[in-house]
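Engineer: Sequence:
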Amino acid sequence: MPGFFSMGLGLRPRVGVQWLEETASLIARMSTPPSPARAGLINDLIGALKQAGIWPRLDAFYMLAAHDAQAARCNWVADTYNLVVTGAPVFEANRGYTGGPGGHYLDTGFNPATMGLFSLSDAHIGVYCRTNVAEDVGDCGNLNSRIFTRTLGGRISGRMNDNAAPSVLPTTNTSVGHTLFSRHSTDGYRIDRNGEVLATTSNAASGLTSANFVLLGAGPSVSTKQVAAGHFGLSLTVAQSSAASSAIQAYFNAIGA
435 MPGFFSMGLG LRPRVGVQWL EETASLIARM STPPSPARAG LINDLIGALK
485 QAGIWPRLDA FYMLAAHDAQ AARCNWVADT YNLVVTGAPV FEANRGYTGG
535 PGGHYLDTGF NPATMGLFSL SDAHIGVYCR TNVAEDVGDC GNLNSRIFTR
585 TLGGRISGRM NDNAAPSVLP TTNTSVGHTL FSRHSTDGYR IDRNGEVLAT
635 TSNAASGLTS ANFVLLGAGP SVSTKQVAAG HFGLSLTVAQ SSAASSAIQA
685 YFNAIGA
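Numbering (the working numbering) for the sequence shown: 435 to 691.
I should point out that these hints are in silico values taken from the structure, not numbers from a laboratory.
One or more of the hints may lead you astray.
[As the list claims (entries may be wrong)] Simulated restraints on C-beta separations:
1. P470 <-> T634: 40 to 50 Å
2. D621 <-> A527: 34 to 44 Å
3. E455 <-> A527: 22 to 32 Å
4. D502 <-> A638: 36 to 46 Å
5. V524 <-> S619: 37 to 47 Å
6. A462 <-> N607: 40 to 50 Å
7. R463 <-> E526: 14 to 24 Å
8. D621 <-> M549: 16 to 26 Å
9. A512 <-> G537: 24 to 34 Å
10. D621 <-> G690: 35 to 45 Å
11. A462 <-> P604: 32 to 42 Å
Since the model is a prediction, treat every value here as computed from it, not as a measurement.
The beta carbon of each residue, even a glycine, is placed where N, CA and C say it ideally should be.
Work out the full structure, taking the sequences as your base and the hints as a guide.
Structural biologist: Written out as structure tokens, the structure reads:
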């Protein structure tokens with residue numbers, strides 16, 4: 435692709451692979467460019483999200499398991515809602531960011547009540563945790579749109595544009611993996627783990643909290659887990675949830691995460 439060479443990104447043709455404009459735009463925003471091999475993995479992941487119809491439904495997609503801390507904070511979708519460090523969350527290359535008590539988290543700058551595609555009855559939020567910690571705190575979102583990947587009681591909990599815990603609380607013995615809440619109507623929402631449907635709730639949509647989404651926390655709580663990826667936007671189908679999980683996992687497998 436001519437733009438890659440003129441922009442000095444160092445990306446070279448790959449047999450049978452088309453470099454995407456979205457890849458070029460993203461890498462151009464990284465202070466430290468990725469290696470050619472990692473650039474290829476980024477291109478593959480974006481391509482998979484586009485092929486599944488997920489990409490245009492995203493307000494933001496973050497790959498915290500990056501080669502560099504600044505790159506980890508980039509919103510892959512556009513040069514908006516890039517993550518801002520609050521406190522001192524710890525970055526580990528190829529793994530992600532870890533939060534902790536005292537207010538160590540990442541602020542997206544995205545307020546779902548006033549910004550973007552995310553809406554009351556058509557929305558999703560997803561997070562990938564790499565560490566297994568049971569705690570009654572959110573790992574992403576804000577007060578009325580948040581995911582608890584593993585509570586002290588061994589459940590997946592949270593809220594999805596409402597003000598109560600899910601009517602169905604899936605059991606879990608781990609917070610590790612890709613957890614996603616998707617609401618496509620006012621009547622209820624779906625809880626997925628690694629692309630598999632675990633529950634469909636009857637919680638009616640009741641309101642969006644006017645506060646920024648964060649990673650490594652939600653509302654007043656801050657998570658101590660290591661988060662490797664996060665995303666939000668319009669609702670995703672079961673097939674799209676599965677495709678997103680598979681694409682993210684393929685990236686992690688390739689970098690040894």
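Engineer: Please name the hints from earlier in the document that this structure breaks, with their numbers sorted from lowest to highest.
Structural biologist: Violated: none.
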